[in-house]
Structure formats: structure tokens, C-alpha cells
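Undergrad: Below, each chain spelled out in residue letters.
Protein chains: 2
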Amino acid sequence: MPHLSKGLIQVYTGAGKGKTTTAIGQAIRAAGQGLRVCIFQFLKSEPTGEQKILDQLEGIKIVQSDYRCLHPKNEIQIKRLKDASRRLLDKACNSMEEYDIIILDEINVALHLSLLETQDVLKLFNNKPGNLELILTGRDCPKEILEVADLVTEMKRIKHYYDKGIEAREGIEY
Amino acid sequence: MPHLSKGLIQVYTGAGKGKTTTAIGQAIRAAGQGLRVCIFQFLKSEPTGEQKILDQLEGIKIVQSDYRCLHPKNEIQIKRLKDASRRLLDKACNSMEEYDIIILDEINVALHLSLLETQDVLKLFNNKPGNLELILTGRDCPKEILEVADLVTEMKRIKHYYDKGIEAREGIEY
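From first to last, the protein sequence lines are chains B and D. Residue 138 is where the first sequence starts when you use my numbering, and the numbers rise one by one after that. Residue 138 is where the second sequence starts when you use my numbering, and the numbers rise one by one after that.
Bear in mind the hints are in silico, worked out from the structure with no lab data behind them. Do not rely on the hints blindly, as some may be mistaken.
Each pair may be met inside one copy or between any two copies, as identical chains are not told apart.
Only pairs whose alpha carbons sit at most 30 Å apart, straight line, appear in this in silico DSBU-like list of lysine-lysine [to be verified]: (1) K301 <-> K265; (2) K301 <-> K216; (3) K143 <-> K216; (4) K260 <-> K293; (5) K280 <-> K198; (6) K219 <-> K189; (7) K210 <-> K265; (8) K143 <-> K260; (9) K219 <-> K301; (10) K296 <-> K181; (11) K280 <-> K296; (12) K143 <-> K198; (13) K198 <-> K293; (14) K210 <-> K143; (15) K293 <-> K280; (16) K181 <-> K301; (17) K280 <-> K260; (18) K260 <-> K301.
Build the full structure now, drawing on both the sequences and the hints.
TA: See below:
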């Protein structure tokens with residue numbers, strides 16, 4: 138079974154299009170070389186185009202948060218979101234020996250919304266096996282994480298058709 | 138057969154990691170929703186991890202330049218590279234009715250190296266069917282293309298492990 142000789146920490150952040158999309162592409166590339174990938178999705182709503190394909194591919198697993206709520210309206214919903222995010226992070230922590238790459242999709246947003254504690258993610262970094270690659274996506278990544286990451290790409294939004302009033306399209310945004 | 142009601146022009150440029158990777162992710166998402174995707178690769182060398190998977194997927198086709206030379210050493214090699222790039226662009230032009238999304242991977246670099254003329258790409262934009270999405274990747278995208286694109290994300294290199302001397306890794310960079 139091929140594996141990485143050294144696993145690093147990558148972060149994709151910023152307001153431009155391409156963060157989760159990059160993570161999907163990375164999962165495909167890695168699986169094509171025989172690496173085992175798990176994608177933990179912290180903030181997701183409906184099934185997306187990528188899931189329909191990734192789910193069928195050997196070597197790639199997707200685990201979603203078990204509570205979906207994009208716009209929490211009260212304390213109870215926020216509490217449920219926090220608990221679900223915490224459970225998902227725990228799952229990721231407990232799976233670190235099983236994969237070559239773990240993608241923590243939209244975790245930066247979960248951190249920014251205080252659904253998770255930055256120190257718990259830093260703790261996960263410290264406990265990470267040496268040959269495990271971690272990839273974090275989402276805008277507004279906390280600076281404590283940017284500081285320790287080995288690679289940071291800011292997806293800078295130079296221009297977006299959303300600004301012209303065009304809405305998310307099936308096959309392009311989801 | 139699903140199709141886009143309106144096709145736009147997206148550009149992923151900049152020096153950060155994630156441009157081609159985003160395009161791969163976009164191809165997967167689109168194919169998952171039943172769209173037909175063709176990826177034209179202007180500057181590629183060895184087979185990559187993503188090719189091994191994308192080649193097997195229904196709905197995604199990859200067409201590579203028929204002359205591979207990453208570092209041309211003389212006028213003859215440059216001429217061959219130009220001719221091959223031109224042939225690939227012509228193929229893309231002639232395939233525009235067959236696909237919902239056409240990805241012109243690393244075309245920005247081919248333009249920057251003067252292997253192609255910017256005006257030929259602008260001409261392709263003008264002839265594009267209304268429901269065809271075009272996605273251009275590669276650093277150093279010419280400003281004439283940025284001006285007419287509907288979406289531009291700059292992958293900004295905040296930090297890269299290459300700067301620490303870590304080389305490209307199988308499953309991560311290729």
C-alpha cells in the first residue's frame with residue numbers, strides 16, 4: 138500500500154471560489170495514486186455532484202456532520218450544531234491511523250462560528266501521525282492555524298459572477 | 138441530458154497551490170450532476186494520479202497536448218510546442234458543441250510563454266455556445282482575459298512547503 142513518507146498540513150482559505158473544489162481534486166489525485174482519503178464535511182446541506190462520484194470510488198470515504206443547519210435560529214440549534222461538529226472532529230481524531238489524507242472540509246468556518254475550539258484542532262495537529270496529510274478548507278481560517286500550517290493558499294476573490302446576481306448552479310457550485 | 142442554462146468563463150490563476158486541483162474537482166462535481174466535461178491539458182508531463190481516475194469516469198474526457206516538453210532548449214522545440222499548443226486549441230474550438238464544460242488546463246502559462254496568442258483565446262470566447270462553461274487555469278493569466286472573465290480567483294501563495302525545500306509528492310502534486 139503506497140503512503141506518504143511525510144504528511145503536512147495544508148490550508149485553503151479566502152473568499153474566492155475553489156476551496157472545497159480543490160480538496161475534491163486533491164482527493165481524486167491521491168486516490169489515483171493509491172492513497173486512502175477521508176473527507177469530513179463540517180457544514181453541508183444537500184447531496185452535491187461530487188458526492189455522487191466520490192462515494193463510488195475506492196479509497197475515498199466521505200463522513201458528514203450528523204446535524205445539518207446552515208442558519209441556526211436559536212440557542213438549541215447552535216448547541217446541536219456545536220455538539221455535531223465536536224462529534225465529527227472526534228471521529229476525525231480517531232481515524233488518523235486509517236488514512237493517508239484527511240480533509241476537514243469547511244472546518245475553518247466552523248471555527249470562525251465558534252462551533253469548534255481552535256485549540257482542539259491544534260491538539261489534533263499535535264497528535265497527527267507523521268505520514269498523515271491534513272487539508273483544511275473554508276474562509277476565515279484562524280491565524281493560530283495559519284501560523285502552524287505548512288501550506289496556505291488564499292483563494293482571493295478578484296471577480297465573482299455572484300456579484301452580477303447569478304445564483305449557484307447545479308454541476309458548478311454543487 | 139442535463140445542461141447549463143448559461144455558461145460562463147472562469148479563471149484560476151496566481152502562484153498558490155490549487156489551480157489544476159480546483160479544475161479536477163470541478164470536473165468531478167459536474168460529472169456527478171450528469172454534465173459532459175472535457176479537459177484540454179496544455180502543459181503536462183507524466184501521467185498524474187487524477188488521470189488514472191478521470192479516464193475511467195463516464196462524462197469526463199482528457200485530451201493532452203501531443204508534444205511534451207517542459208523546458209524547451211532550442212527554437213525547434215519551441216516551434217514544436219507552439220504547433221502542438223495551437224493544435225490543441227483548435228481541437229477545443231471544434232469540440233465546443235459536444236460538452237457542457239471545457240477546461241483549458243495551464244492555458245494561461247501557454248499564453249504567458251507566447252505558445253499561443255491571447256487574441257485566439259478571445260476569439261474562442263466569442264464563438265463559445267451560450268450554455269458552455271469555460272474554465273482556464275495557470276499562473277500569469279493575461280489581463281485581457283481577466284477583463285472578460287466572469288469569475289477570477291487568484292490562488293495566492295501565502296505559504297508553501299516548496300519554500301522549505303520539500304519536493305513534489307506523488308498523490309499530492311501529481
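Undergrad: Going through the earlier hints one by one, which of them does the structure break, listed in rising order?
TA: 2, 3, 7, 9, 14
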